[in-house]
Amino acid sequence: MLTNLEESVAVVRAPDVIASVRDLKIHFSGKRGMVHAVDGISFDIRDGETLGLVGETGCGKSVTARSFLRLVQTPPGVYAGGSITFRPRRVCDDCGGVGCRECDGTGRVAAHCPACGGKGCRTCSGTGEETVDLLSIPDAQMRALRGNRIAMIFQDPGKALNPGLTVRDQIAEVFLQHRTAEILAAAGVSPDDVLLRRQASQKSRAFEKMLLAVPPLRSGRNRIDAALDTMVADALAQTQIPNPRKVMERYPHELSGGMRQRVMIAQALACNPDLLIADEPTTALDVTVQARILELIRELQQRHKTAVLYISHDLSLVRRVCDRVMVMYAGRIAETATSPQLFRRPTHPYTRGLLGALPGRGAHRGRLAAIDGTVPELVNPPAACRFVGRCPDEVAACSRTDPPMVEIEPEHAAACFVHAPPVKAPASRPVRTP
Amino acid sequence: MVDASLSRPPVRGALVETAARVRLRRTLELTGRVLSDPTTVIGLVIIVLMLAMALLAPVITTPNVPDPYQMPRDWGAVRKPPLTEGHLLGTTNNGGDVLYGVIWGARTSLYLSLLVVSITVVVGTIIGSIAGFLGGRFDNILMRIVDVFLSIPELIFALAIAAVLGPSFANIVLALAVTFWVKYARIMRAQIMRVKQNDYVDAARVIGDSKLRIYFKDILPNSITPVMVQATTDMGHVVLVGATLAFIGLSEAGIAEWGVLVSEGQAGISSGRWWASTFPGLMVFLWALAFNLVGDGLRDALDPRTEGR
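As they're listed, the protein sequences go chains B and L. Mind the numbering: the first sequence is residues 1 to 434 in my numbering, read in order. Mind the numbering: the second sequence is residues 435 to 743 in my numbering, read in order.
This is chain B alone, in the form it adopts within the complex:
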């Protein structure tokens, strides 16, 4: 089932960067000091690619992903430095989001820089495209991006859906937040109708709702409801849910795990986002369902050319799904490469250890390989390689300085003095990871 996925992985797309993380630091204040959960990492996500973020529990991968949506609780979390630059797109004018030649079938085009209107200025560093720093924009602007331009799928769909609302209400919520104009257009209601516009943007107060239940106004409300029903059913149909009109009237507990995850995916992709964050989307599912959900995400991603940041601790899964992989260890990036490169030529000792720990297909039963030692405590870590103490290839330099990211081959970089020696002295030419 997954073989066709594997073939498509090798395709490298045009390096059109949609989000770039620079020197991101996220700390948590703990009882014994600052825990450096994410400690200065930099990477780019390209338009339409699937970037895998791999590492063991507590290495900072979830925190990194959540910081894209500013979901990290502060306090105890602290955004201690760095930036996440994001280029939000807007709906293509030529096709209205359906996908045409102008927008390369994505239905999205770059949004013009608000400072210069697309001509290019200092704010947008000459590109004419709108860029925002996700960590510093005001809350209102962040809310407009959430669910609209950046969406997220959670690990356990059973917990990520409100048990008291029908599937329809939960998906309709996204449209009500971000697609008021489209709802009104689909319902054939004038956008000047204040009462109905407020209804279609979830702003109606109780007394307005009562007004809308009165017969002459009721038809407008019913048209909005019908338009929403259609939008929700279409979103569900995309995820290959059979009989969407029936499923959308159900409550989450009446659905199977796979169905719930499809609902989550439908909700996440409802507004055709530029970036989808998938936080271990298949961990809570049965193995048989896992494969189908992965295939679904892959297919929808290719159709909409959405960039996906895929968080996982399952290397074999990442190999199948991701274009590029980033291995994180103790709040740092250990290695980054395209997926074939990483599995052909793992460089960082940690990556090697991870790959070695995979139970081989042909191997006989016996002891499973493991990496010795435990993850270091991240309270005020010293300037040294984080893997010191567990590393089989350790040299003296490792406990004195942090190894910089060094490019080994195009697209492939690692932070290791032994296997990716810096060209001159340590920290001479740190390569920004692509």
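Nothing false has been slipped in among the hints.
Which chain B residues face chain L? A few, computed with CB under 7 Å, are given here:
1. 143
2. 154
3. 159
4. 161
5. 162
Here are the simulated DSSO-like pairs of lysine-lysine, each with C-alpha atoms no more than 27 Å apart in a straight line:
6. L/645 to B/209
7. L/630 to B/203
8. B/246 to B/209
9. B/159 to L/645
10. L/630 to B/159
11. B/25 to L/630
12. B/305 to B/119
The hints are simulated quantities; they were obtained by calculation from the structure and are not laboratory data. A quick note: this is a predicted structure, and the numbers were derived from the prediction, not measured. Note that CB positions come from ideal geometry on N, CA and C, so glycine has one too.
Here the structure of chain B is known, so what remains is to put chain L in place on it, guided by the hints.
Same frame as chain B, now just chain L:
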């Protein structure tokens, strides 16, 4: 004439569940679960009878003029035992008809419990929500205030308030309201702290919902159940404590209130005139028992953990 149903396509409506139908089914399921417990049904029956009695009081009895909540005094028939002509449950030392007191006392109790419970639920829910949802400094300050209220025994606190403000029915309401909101604040805060942790709250943030919307859409509906259960139990508890306060004389004398009646009749108990205290006392007992039974039944039906299936 051709039967219209023949021309219709095969019935598909039976398969398609509309939201309204799903909601109806869920309500029926819940009702069924509540009614499957015989003790809950007993409680419900008592409550229905009490409510009927309270609502129909002006019909069953001739209301006293000018104030029907004042006991009528029949000075010609003092200390009559039950089954006396015109005084089915007997009369008190002051010629008050016990039956009238029992019936209008139900009305007083309903009035008292609804007033106190609605005030305390609203106040407690708001304060608990602020503390739980906003957390941090708000939480600290509000919960320290709650601690102060909790450190004083409920009855003594109510007693102190009523004593300071003087004996009147309104002051009993006030005293009870001031003591009872604390529980709701605590329950609500704990619930919100728990519900807030759920992934669906993060999921709501992820789709761009505002904090207020998240509170009303995701948090409040999923945390209100224990408050409702507590409110049901308190409908009985309030009357019990209210009657106690009235018994010690913190209500104005002579009103048709069960606690007042018990207090009026207690002097006669040792002389064998048991009826003036027994019947109103029994009513307090039944009222509190009924709401407790229903409260427990609701909790069992709503809380998946105590589901005995």
